[in-house]
Every structure is written in structure tokens, then in C-alpha cells.
Amino acid sequence: MDTAILVNLFYIASSILFIVGLKMLGSPDTARRGNLLSSSGMLLAVLITLLDQNIIDYRYIAGALIAGSIVGYFAATKVKMTSMPEMVAIFNGFGGIASLLVGSAEYVSGTFDNPAFLGAIFLTVLIGGLTFSGSIIAYGKLSEVISGKPYLYKGQQFVNGILLIAILLVGINMLFIQGFIASEETLILLIVLAFILGILFVIPIGGADMPVVIALLNSFSGLAACAAGFVILNNVLIVAGALVGASGLILTNIMCKAMNRSLANVLFSGFGAAPDATSESTQEQGEVKPISAEDAYLILEAASSVLIVPGYGMAVAQAQHAVRELGELLEDNGAEVKYAIHPVAGRMPGHMNVLLAEANVSYDVLVEPDDVNPVMETVDVCIVIGANDVVNPDAKDNEGSPIYGMPIIEVDNAKTVFVSKRSMASGFAGIQNPLFFKSNTRMLFGDAKETVSTLVSEFKG
Amino acid sequence: METQIILLIFVLVLSIFLGVELITKVPSTLHTPLMSGANAISGITLVGAILSSGSSEIVTIILGTAAVFFASINVVGGYLVTNRMLGMFKKK
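The listed protein sequences derive, respectively, from chains A and B.
In terms of the working numbering, the first sequence opens at residue 80 and continues consecutively.
In terms of the working numbering, the second sequence opens at residue 175 and continues consecutively.
A couple of the hints might just be wrong.
Unchecked claim - According to the in silico footprint, chain B covers these stretches of chain A (three or more CB under 8 Å from chain B):
(1) 139-149
(2) 154-166
(3) 180-190
(4) 266-273
(5) 365-377
(6) 393-407
What the hints assert, rightly or not - Covered stretches of chain A (in silico footprint by chain B; criterion: 3 or more residues with CB under 8 Å from a CB of chain B, positions within the stretch not fixed):
(7) 169-176
(8) 217-223
(9) 300-309
No lab work stands behind these hints: they were computed from the structure.
Only a predicted model underlies this, so the values are computations on that prediction, with no experimental measurement involved.
Every residue, glycine too, gets a C-beta built ideally from N, C-alpha and C.
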């Protein structure tokens, strides 16, 4: 049998492994096996590619494969679960730059005679480049190397428009005018423009919108691989890339729905940049009622149902283990304990779920807002730990608020709400939260981990 | 060439529909692992990188080798971290 046919048969097998693996990732019971299947699909694809007869020298491939694997291994095993969003962002970026390099390598090798082929190279370099620079900016924002605040400037749309036109012109030149000769100048210009596009695309987006951006960049990294598949005329890249592209888009859509905003609104409007609403709600401030951990304990001891609402602040304070311990003690005390997790809590989709899983919280006590909001009146105590915007009643009541219309966890309907918070500073989105001034709210000021640990020791003592 | 591209577009369109059907019903608990697992799959560009890296032209080799490096970080790191996360999801 022809080797090319054999190679393609194996590519089909690895596509099947990706598809089945991704399907199994959709259910908690099978997810781990799914990931294993998908990784064996990858191994198969790589091994069969190494058999390609056109490969002349294996030394560089081997060196880069080993070096990359070592870096990947250490990154994956050392990363803290709180830093997962940064990690995924940077991995997305690496996928993007790899596709860009593949596209560039094929371009400079200069063996093409077809505009469709050049078009594929153009798209690969463009999408790969913007995925890379966008991911680096997202990484910077998530790790707080650069400010998480949305960065808006005058004439932003104009600058973006000019940039898009420039990219389009480069594309037309590359495909139809230059002829079938590789021009390094054109390639470098395209790469630079793609990088600028990625930077301008992510920089105006506020930190609270990062889950959307990560999901979208995830989708882009898939699309870049997909475009690279058209460059090297390879089915497995197209199938795998399209699957990732689709899954990223679906997650993006879920995140947008969870914030009641359109994708265009997230991308172009710079969240939290609505000063009117902020000043408005600061005026209606009432009195904040602090409570000591000791008094909070007395109320918790009498509670028969407790809902814990974690947010990014829990991750920052590394309080998830203390929270799990408190949850167990409350259960031993006869209370029903649930964890309500907002889809956009944290800095990436599902971030809180991972942190609580790390702390050994069983995933069947994690509930979504839609499950818990209808029965909120029956909850005795709601403990909000490091969450802010996702429990902000302004989303329901204040039409002037930038988050108006966003589905929230309606903790203000519970009988008592404890809010564990460092200070009265506003959340990541930079907007005020009237929840803190409600009559049934008590503030537990201080570090979340210390506060929860004090509650735990009260229960034990 | 043209027929081949049409066939590839055909594959692309079907794969996108397949991807949408596969992913639509994922509980939010699994969003992070799904994302990092999908991210690892996007490292499939490694296949293209290997082919470029094995070429005979020096510039292509340099670009391809760099691509192999980045893509293998993406693949190895992505799968391992997904596996690590999924290992933590337990039901009582």
C-alpha cells in the first residue's frame, strides 16, 4: 500500500480519537478518559507524521520536541490552580505562534502556484499572530502585570478600522498582485499588523470580561491550526482545529449569556467604563453593618441551610481549603451546604469549580444560579467569599448600572448574608455594590482565609 | 488542487457542525478542563511544524523548529494540566 494512504488512514484514526475524546470531556464521569483518548490521538498523529519521507533531518525536530515537552511538563505540573487562567492564556498563545510559524515556513519555502494556498497562509499568519499577541496581553492582565482596567482611548474605532484596511490591503497584495513569489517584507508586515491587531483587540477589555476573551482566544487558536491545515493540505489539522474553534465559540457564547451582553458589546465597549452609574449608586449608600467572626458563628450554628458563594477573592486569599473545612463542619452540624457558582466567577470559565475540586469539594454540591435563585428565600445564611459583581443586586434593580440585566446569584433574598471582604473597595469591574448596605447583610471584614479559619476554629472549639 | 481544496472545505464545514453538536451540553463544572483540553488539541499544528522542521531549507528549518517547540509546549502542557485538573474532580 502507498505510504501516503497509510498515513492518511492513521490521521483518520487520530481524528476519531479527538472527536470521541472531546465528547467524553463533556461529562464528569468520563472526562479523564476522554482527555487520555484525545492525547493518544495526538501521539498517533505525531508519530505517523515522523514517518513522512520528506523529512530530511530529525535532529532539530527531536531537539525542539524534547525541549518543548520539558517546558510543557514543568508548566503543567507546577502551576497553581489559582493561576490556571494565565496558564491557559499562554498556552493558547503558544498554539497561535506555532501556527503562525508553520504558515511562515511554508511561505518562505516559496513553492506555491495558487491564490487559495496563499490565502490559507495569509489567514494562518493573521489568526495565529493575533492569537499570540492577544494571549500575551490577556496573560499580562490576568497575572496583573498590566492593569486589568479597560483601556479606552479616543478614536479607537478609527484606529481599528485603519488597521483592518491595512491588513486587507496586505492580503490583496499577497494573493493577487505580488504573484507567486514569496516576499519577506510582505510576510513581516503581515506579522507585525497581526500582532498589533491582537494587542488592540484585548487591551480595551476589562479584567471582569476575561472569561470571554480566554474562550475566544481558545477558539482562535483552533482556527489558526485549521487554517494551517489548508496550508499543508492536511485533514487532521482541519478537523482538530475546527473542533477547537467550535468549542471555543460555544464557551464564548455561554460566557456572554451569563453576563447578558453580546459579544460585540464585550469586545468594543470597555466594561466598567460607565462613570455615571458608579456615582449614582455611591450616593445611595446606606450604613454598613460589620459583624465579628464570633457572632457570625452563632448565626451559622443555628442555620439549617447554608449557601456558599465563592468568587475570585477566594482564589486570591487561597481560602478554598478553609472553605471546604467550614462546609464540612456545617454539614456535621446538620445544615445543608451548597456552593453556588456563577458562570463568570473567577477569571476563566469554570475557574471556581476547579479550585473547589482541588480542595476536595464534591462536584455534586456545586450548583448554578438558575438552580438556587428560585429557592433563595429558604436559605438561612449565604456566605459570599470574595465574590462581588456576580451578587450585585444592581444587575436586577438599577437600570443605569453597567451590569444591569446580567443574571446574578440573588443572595440578597436569603435570610442573612455574610460578605467576607478585605475592605469596601469595589470589585474587579470597578462598580459599587448595594448588597453591602442591605439590612440583612453583615460584613466580615478581613482576609477571607483568616475569616473562614476563625469560623472553623469557633466550630471546633 | 481545486478539487482538493473543495474537499478540505467540505471536511471543515462538517467538523464545525460536529464540534458544535459535541460541546453544546457541557456542565459548567467542566468548562475549565474542556477549555484546556481543547487547547491541547489545537496543538495539532505540531504536525505541520514537524514537516516544516524536517525540510532542507535553512529558513524553513528555523521557523519549523521554533514552531515544533511552541506547539509541543502547548500539547504536552495542555494535556497534562487537563489530566491534573480532572483528577481532582471527585464525587462523594
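request  = Could you check the structure against the hints above and give me the numbers of any it violates, in ascending order?
outcome  = Numbers 4, 5, 6 and 8 - these are the hints that the structure violates, sorted from lowest upward.
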